[in-house]
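Start counting the sequence shown at 118; every next residue gets the next number (the working numbering).
Be aware that a few hints might be false.
[Unchecked claim] FRET-style restraints, in silico, Cβ to Cβ:
1) Asn183 x Met151: 18 to 28 Å
2) Arg191 x Met122: 33 to 43 Å
3) Ser121 x Val195: 24 to 34 Å
4) Phe192 x Gly154: 32 to 42 Å
5) Asn183 x Asp221: 17 to 27 Å
6) Met122 x Gln197: 16 to 26 Å
7) Gly193 x Ser121: 39 to 49 Å
8) Ala196 x Ser121: 37 to 47 Å
9) Met122 x Val195: 32 to 42 Å
Everything labelled a hint here was simulated from the structure, so no lab data went into it.
C-beta atoms are modelled at their ideal positions from N, C-alpha and C, and glycine is treated no differently.
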Amino acid sequence: MLGSMTSSRPYMIRAIYEWVVDNDCTPYILVNAMQEGVQVPQQFVQDGQIVLNISPTAVAGLDVGNDELGFRGRFGGVAQDVRVPTSAVLGIYARENGQGMLFDSDDPVPPPSPSSPDDDSTAPGSKTPKSGRPSLKVVK
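Generate the whole structure from the sequences, applying the supplied hints.
Take a look at the structure:
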């Protein structure tokens with residue numbers, strides 16, 4: 118039953134992370150710092166978002182679970198525990214070239230704003246239902 122499948126986001130985060138590291142690049146994640154359950158150093162949050170370096174040399178104890186991503190990192194020389202629900206991860210990419218993946222907020226919280234993309238076309242033969250369809254957003 119399609120409706121009962123778990124989110125693919127944590128699996129994609131783990132896969133892109135491994136791919137970026139295997140290619141000797143630095144994995145960065147873009148996080149919605151305003152989402153409930155996000156524990157990040159607030160002084161580095163800009164416009165409700167934070168970019169975190171999750172490379173093996175930058176963090177300790179990285180654990181990308183199906184519900185949450187966590188690690189211990191240093192911010193301004195101060196060690197701090199970071200917790201991010203996987204639904205708050207907006208993207209993961211290589212710092213060096215920007216290659217990676219952006220995620221749409223496909224989770225039930227919060228409902229999409231009326232200013233969503235105007236793309237109302239569905240490709241012929243597409244099996245993805247029109248509502249809740251993933252889309253890419255350019256994040257600068």
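Quick one: are phenylalanine 192 and glycine 154 within 32 to 42 Å, going by C-beta? violated, 19 Å
Original post:
Is the gap between the beta carbons of alanine 196 and serine 121 within 37 to 47 Å?
Top reply: About 40 Å separates the Cβ atoms of alanine 196 and serine 121, which means 37 to 47 Å holds.
ask   = Is the hinted range of 33 to 43 Å satisfied by the C-beta distance from arginine 191 to methionine 122?
value = 37 Å Cβ-Cβ, so the 33 to 43 Å window holds.
Take the C-beta atom of methionine 122 and the C-beta atom of glutamine 197, compute their distance, and say whether it sits inside 16 to 26 Å. violated, 34 Å
Looking only at beta-carbon atoms, does the pair methionine 122, valine 195 fall within the given range of 32 to 42 Å? holds, 40 Å
Could you say whether the range 18 to 28 Å given as a hint is met by the Cβ separation of asparagine 183 and methionine 151?
The hinted range 18 to 28 Å holds for asparagine 183 and methionine 151, with Cβ atoms some 22 Å apart.
Item to complete: Could you tell me whether the CB distance from asparagine 183 to aspartate 221 stays inside 17 to 27 Å?
Response: Since asparagine 183 and aspartate 221 have Cβ atoms about 18 Å apart, the given range 17 to 27 Å holds.
Verify the CB-CB distance for serine 121 and valine 195 against the hinted window 24 to 34 Å. Check failed, 42 Å falls outside 24 to 34 Å.
- prompt: In this structure, is the beta-carbon distance linking glycine 193 and serine 121 contained in 39 to 49 Å?
  reply: For serine 121 against glycine 193, whose Cβ atoms are near 43 Å apart, the range 39 to 49 Å holds.
Consistency with the previously given hints fails for numbers 3, 4 and 6, ordered from lowest to highest.
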